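Q: Sequence:
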Amino acid sequence: MRQEAVSATARWTAAVRAHESGLPDALFTDPYAAGLAGEEGFRLLERYGNPGVKEFIAIRTRYLDEVAARAPGQVVLLAAGLDTRTARLPWRPGTVVYEVDRPALLEAKDEELAALGARHGCGRRTVAADLTGDWTSALRAAGWSSGEPTLWIAEGLLLYLPERDARTLAATAAELSSPGDVLAGDLLSHQSMVSEFSREGLRRLTEDGCPWLFGTDRPEDFLTECGWKPAEVLCPGEPGASFGRWPWEPLPREVEGFPRNFLFTARR
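Counting in the numbering used here, the sequence shown runs from 98 upward without gaps.
Each statement offered as a hint is correct.
The calculated lysine to any residue pairs, modelled on SDA-like cross-linking and capped at a C-alpha distance of 20 Å, are:
#1 Lys151 - Glu136
#2 Lys326 - Ser275
#3 Lys151 - Pro344
#4 Lys151 - Pro347
#5 Lys326 - Glu272
#6 Lys151 - Trp343
#7 Lys151 - Glu335
#8 Lys151 - Arg301
#9 Lys326 - Leu273
Have a look at the derived ranges for each label pair, beta carbon to beta carbon:
#10 Gly135 - Asp227: 17 to 27 Å
#11 Gly277 - Pro336: 20 to 30 Å
#12 Gly214 - Thr321: 39 to 49 Å
#13 Asp162 - Gly230: 27 to 37 Å
Everything labelled a hint here was simulated from the structure, so no lab data went into it.
Small disclaimer: the values here were computed from a predicted structure and weren't measured.
Here a beta-carbon is modelled for each residue, glycine too, at the ideal position from N, C-alpha and C.
Taking the hints into account, I'd like the entire structure generated from these sequences.
A: Okay, here's the thing in structure tokens:
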């Protein structure tokens, strides 16, 4: 794979999926993750090895796997990265998954998946576009229809965008959606960006050119302001966002000074 085409965070999260897949009580199995991660991904796995990081990414993957299992006919992966759900999950007949990301990444990913012998269990269409620009035209051109129920997934994405771009992206998905459509993903807390416990990890990410740029301690407000009605917002360790993997008791929302993440499902 042409390394310059793939972001460090995409390789890193693939390495986390590979690590989880090798555990005896794995929350999911991703047979392609190790090949996609490569040496660079596993190096970053060590570099970004703060407590709770691997656990959260594993929980997030499983949580969104379960959301995807209930998906309607169309699924849009916003910043698909090295996601392999099209090849590793069972899909309802007729499901079409649209993977939106940068052209170079999608091209490199296609080459590597083919080399790994991946077979997709749904219709898969790549959408080469910049999510901070006009990506909706490319999505429509790929065959996405506003008249069909849609699940939007924003996984490991919003925290890397400036707040204005994060809001614009979520609001644009809402504008394209019909009643009942779903947006699912994760958000970073603002406390994570200022806590002493995440300072070293954030420093390393910044050095590698992928800093956290946006966090909110009021995820329900963010979703509502962007046109979505929150269905559930969970922190790791809470029922529905643990899967036996989170080793700590979840802290009350009002406790400040500690990093936290949110997993959410919202409806239009």
